[in-house]
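Student: Sequence:
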Amino acid sequence: LETLSLRIERHVENAQATAAWLEKHPQVEKVNYASLPSSKWNALAKKYAPKGSGSVLSFEIKGGIESGKKFVEALNLFSHVANIGDVRSLVIHPASTTHSQLSPEEQLTAGVTPGLIRLSLGLENINDIKADLEVGFAAAK
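According to my numbering, the stretch in the sequence shown is residues 4 to 144, in order.
Nothing false has been slipped in among the hints.
Straight-line Cα separation of at most 30 Å, DSS-like style, residue types lysine-lysine; simulated pairs:
no., residue 1, residue 2
1, Lys73, Lys33
2, Lys144, Lys27
3, Lys72, Lys33
4, Lys27, Lys50
5, Lys43, Lys27
Between beta-carbon pairs, the in silico distance windows are:
no., residue 1, residue 2, range
6, Lys49, Val90, 22 to 28 Å
7, Thr6, Glu108, 42 to 48 Å
8, Lys49, Gly88, 18 to 24 Å
I should point out that these hints are in silico values taken from the structure, not numbers from a laboratory.
The C-beta atom is built at its ideal place from N, Cα and C for all residues, glycine as well.
Work out the full structure: start from the sequences and follow the hints.
Tutor: This is the structure we're talking about:
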(Lines of atoms letter the chains of each structure in order from A and count residues from 1; the text may use other names and numbers.)
(Lines give C-alpha, C1' and ligand atoms only; values in the text may rest on other atoms or scores of the structure.)
Protein backbone atom coordinates (compact mmCIF):
# COMPACT_ATOMS: atom_id res chain seq x y z
CA LEU A 1 0.00 0.00 0.00
CA GLU A 2 2.89 2.34 0.74
CA THR A 3 3.96 2.40 -2.93
CA LEU A 4 0.50 2.25 -4.52
CA SER A 5 0.46 5.85 -5.74
CA LEU A 6 3.88 5.43 -7.38
CA ARG A 7 2.79 2.20 -9.07
CA ILE A 8 -0.41 3.77 -10.36
CA GLU A 9 1.57 6.70 -11.78
CA ARG A 10 3.82 4.26 -13.66
CA HIS A 11 0.83 2.24 -14.95
CA VAL A 12 -0.79 5.41 -16.30
CA GLU A 13 2.46 6.77 -17.77
CA ASN A 14 3.00 3.49 -19.61
CA ALA A 15 -0.59 3.42 -20.87
CA GLN A 16 -0.44 7.01 -22.13
CA ALA A 17 2.89 6.46 -23.88
CA THR A 18 1.74 3.16 -25.39
CA ALA A 19 -1.56 4.61 -26.61
CA ALA A 20 0.19 7.55 -28.30
CA TRP A 21 2.74 5.21 -29.88
CA LEU A 22 0.07 2.77 -31.11
CA GLU A 23 -1.96 5.58 -32.63
CA LYS A 24 0.96 6.24 -35.02
CA HIS A 25 1.63 2.57 -35.82
CA PRO A 26 0.86 1.57 -39.44
CA GLN A 27 -0.70 -1.76 -38.39
CA VAL A 28 -3.19 -0.11 -36.04
CA GLU A 29 -6.59 1.02 -37.26
CA LYS A 30 -7.84 2.61 -34.03
CA VAL A 31 -6.79 3.10 -30.39
CA ASN A 32 -9.35 3.26 -27.58
CA TYR A 33 -7.93 5.31 -24.70
CA ALA A 34 -9.83 8.28 -23.30
CA SER A 35 -6.73 10.36 -22.50
CA LEU A 36 -5.71 10.55 -26.16
CA PRO A 37 -6.52 13.96 -27.67
CA SER A 38 -8.20 12.13 -30.58
CA SER A 39 -10.62 10.27 -28.27
CA LYS A 40 -14.26 11.32 -28.27
CA TRP A 41 -14.04 10.84 -24.48
CA ASN A 42 -11.03 13.13 -24.02
CA ALA A 43 -12.93 16.09 -22.52
CA LEU A 44 -14.47 13.82 -19.90
CA ALA A 45 -11.11 12.18 -19.22
CA LYS A 46 -9.52 15.59 -18.64
CA LYS A 47 -12.34 16.56 -16.29
CA TYR A 48 -12.65 13.35 -14.26
CA ALA A 49 -9.20 11.77 -14.64
CA PRO A 50 -6.81 14.69 -15.19
CA LYS A 51 -3.73 12.60 -14.40
CA GLY A 52 -4.65 9.95 -16.99
CA SER A 53 -7.47 7.53 -17.68
CA GLY A 54 -5.96 4.39 -16.26
CA SER A 55 -3.74 1.56 -17.39
CA VAL A 56 -6.12 -0.34 -19.69
CA LEU A 57 -6.52 0.41 -23.38
CA SER A 58 -7.55 -1.42 -26.50
CA PHE A 59 -6.72 -1.14 -30.16
CA GLU A 60 -7.79 -2.60 -33.47
CA ILE A 61 -5.02 -4.39 -35.34
CA LYS A 62 -5.26 -4.52 -39.12
CA GLY A 63 -5.85 -8.01 -40.49
CA GLY A 64 -8.70 -9.12 -38.25
CA ILE A 65 -8.94 -12.23 -36.11
CA GLU A 66 -5.91 -14.08 -37.51
CA SER A 67 -3.65 -11.06 -37.07
CA GLY A 68 -4.98 -10.61 -33.55
CA LYS A 69 -4.19 -14.22 -32.61
CA LYS A 70 -0.70 -14.11 -34.14
CA PHE A 71 0.04 -10.81 -32.43
CA VAL A 72 -0.84 -12.09 -28.95
CA GLU A 73 0.89 -15.46 -29.40
CA ALA A 74 4.17 -13.76 -30.37
CA LEU A 75 4.47 -11.55 -27.30
CA ASN A 76 7.00 -12.48 -24.63
CA LEU A 77 6.92 -9.70 -22.04
CA PHE A 78 3.12 -9.51 -21.91
CA SER A 79 1.26 -12.27 -20.12
CA HIS A 80 -1.72 -13.66 -22.05
CA VAL A 81 -4.46 -13.53 -19.41
CA ALA A 82 -7.85 -11.87 -18.99
CA ASN A 83 -6.92 -10.02 -15.78
CA ILE A 84 -6.23 -6.30 -15.48
CA GLY A 85 -4.25 -4.19 -13.02
CA ASP A 86 -1.25 -6.44 -12.48
CA VAL A 87 2.31 -5.15 -12.08
CA ARG A 88 3.05 -7.14 -15.24
CA SER A 89 1.70 -6.07 -18.62
CA LEU A 90 -1.19 -8.23 -19.79
CA VAL A 91 -2.77 -8.83 -23.19
CA ILE A 92 -5.87 -10.53 -24.52
CA HIS A 93 -7.55 -10.98 -27.89
CA PRO A 94 -11.23 -11.14 -26.87
CA ALA A 95 -12.58 -12.49 -30.19
CA SER A 96 -10.56 -15.70 -29.85
CA THR A 97 -10.73 -16.05 -26.06
CA THR A 98 -13.24 -14.45 -23.68
CA HIS A 99 -15.87 -13.88 -26.38
CA SER A 100 -15.13 -16.85 -28.65
CA GLN A 101 -18.38 -18.62 -27.69
CA LEU A 102 -20.37 -15.76 -29.27
CA SER A 103 -21.25 -15.53 -32.95
CA PRO A 104 -19.49 -12.80 -34.95
CA GLU A 105 -22.70 -10.75 -34.83
CA GLU A 106 -22.97 -11.12 -31.04
CA GLN A 107 -19.32 -10.15 -30.66
CA LEU A 108 -19.88 -6.96 -32.64
CA THR A 109 -22.96 -6.16 -30.55
CA ALA A 110 -20.74 -6.52 -27.47
CA GLY A 111 -18.15 -4.18 -29.00
CA VAL A 112 -15.69 -6.97 -29.75
CA THR A 113 -14.29 -6.55 -33.25
CA PRO A 114 -12.15 -9.25 -34.93
CA GLY A 115 -8.86 -7.40 -34.46
CA LEU A 116 -9.51 -5.95 -31.01
CA ILE A 117 -6.56 -6.30 -28.62
CA ARG A 118 -6.83 -5.27 -24.97
CA LEU A 119 -3.73 -4.27 -23.04
CA SER A 120 -3.35 -3.72 -19.33
CA LEU A 121 -0.04 -1.92 -18.93
CA GLY A 122 2.25 -2.91 -16.11
CA LEU A 123 5.33 -1.36 -14.56
CA GLU A 124 7.96 -2.47 -17.09
CA ASN A 125 10.22 -0.05 -18.91
CA ILE A 126 8.32 1.62 -21.76
CA ASN A 127 11.04 0.70 -24.28
CA ASP A 128 10.68 -2.97 -23.35
CA ILE A 129 6.90 -2.71 -23.76
CA LYS A 130 7.20 -1.15 -27.23
CA ALA A 131 9.85 -3.68 -28.29
CA ASP A 132 7.61 -6.58 -27.30
CA LEU A 133 4.64 -5.07 -29.12
CA GLU A 134 6.81 -4.73 -32.24
CA VAL A 135 7.49 -8.48 -32.04
CA GLY A 136 3.73 -9.01 -32.07
CA PHE A 137 3.23 -6.69 -35.02
CA ALA A 138 5.97 -8.47 -36.99
CA ALA A 139 4.26 -11.82 -36.39
CA ALA A 140 0.86 -10.42 -37.39
CA LYS A 141 1.98 -9.27 -40.86
